[in-house]
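**Student:** Mind docking chain B on chain A? Use the hints.
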Amino acid sequence: MTDTIQTIIAQALPDAHIEVEDPMNDGAHLQATVVSESFVGKSRLQQQRLVMAALKEAFSESLHALALKTYTPEEWNQKN
Amino acid sequence: MSSVADRIQKDITDNRVMLYMKGTPQAPMCGFSKTVAEILTHVGGDFASANVLEDPELRQGIKEFSEWPTIPQLYIDGEFLGGCDIVVEMYQAGELEKLFQAK
Chain A
3 MTDTIQTIIA QALPDAHIEV EDPMNDGAHL QATVVSESFV GKSRLQQQRL
53 VMAALKEAFS ESLHALALKT YTPEEWNQKN
Chain B
232 MSSVADRIQK DITDNRVMLY MKGTPQAPMC GFSKTVAEIL THVGGDFASA
282 NVLEDPELRQ GIKEFSEWPT IPQLYIDGEF LGGCDIVVEM YQAGELEKLF
332 QAK
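Listed in order, the protein sequences are those of chains A and B. In terms of this note's numbering, the first sequence is residues 3 to 82. In terms of this note's numbering, the second sequence is residues 232 to 334.
So that you can see chain A by itself, here it is in the shape it has in the complex (with noise of 0.2 Å):
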């Protein structure tokens, strides 16, 4: 499942880094953490919109959830 949703969210943002757990162990609670160009300028709505409108047909298929973490490249460098 992870792999799904590490697909889905590269194809909608080409340039991102992303990174996607699944820390119950069960495909349906998942963490995914998205970097990328795409998100400078925009606010934290706008940017987990991005992410969410590409995975619209996964949560309603098989996916509950998705604790979700949006970063621009130079958000990511200084938290890192």
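FYI, nobody ran anything at the bench for these hints, they're computed from the structure. Check each hint, because a few of them may be wrong.
[Unchecked claim] List of simulated lysine-lysine pairs, DSS-like, C-alpha gap at most 27 Å:
#1 A:Lys-81 x B:Lys-253
#2 A:Lys-81 x B:Lys-329
#3 A:Lys-44 x A:Lys-71
#4 A:Lys-81 x A:Lys-44
#5 A:Lys-58 x B:Lys-329
#6 A:Lys-71 x B:Lys-241
#7 B:Lys-253 x A:Lys-58
#8 A:Lys-71 x B:Lys-265
#9 B:Lys-329 x A:Lys-71
**Tutor:** Chain B only, in chain A's frame:
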């Protein structure tokens, strides 16, 4: 016309802070809904809520209305603020409190 969309529009217009959640603030049925309800209570604002588990039409309708695939969903001043992650981040950054004080 979709009556669900009309109902949601009325809810978010009539209530400054409107939370769509699984369960109720007193008896939340999902960890994410619980987190958001607790934060809103802590920040101290009055808020209205709707339990999507009691209403399958609303559960689907709110996702289409917001173009957001998950519950909970928080509306403030008639605008979609976000889901659990955004609410938690805004709370931690002190932005949510400012929003409540700005009334």
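**Student:** Of the hints given before, which are not true for this structure?
**Tutor:** As far as the earlier hints go, 1, 5, 6 are violated by this structure, in ascending order.
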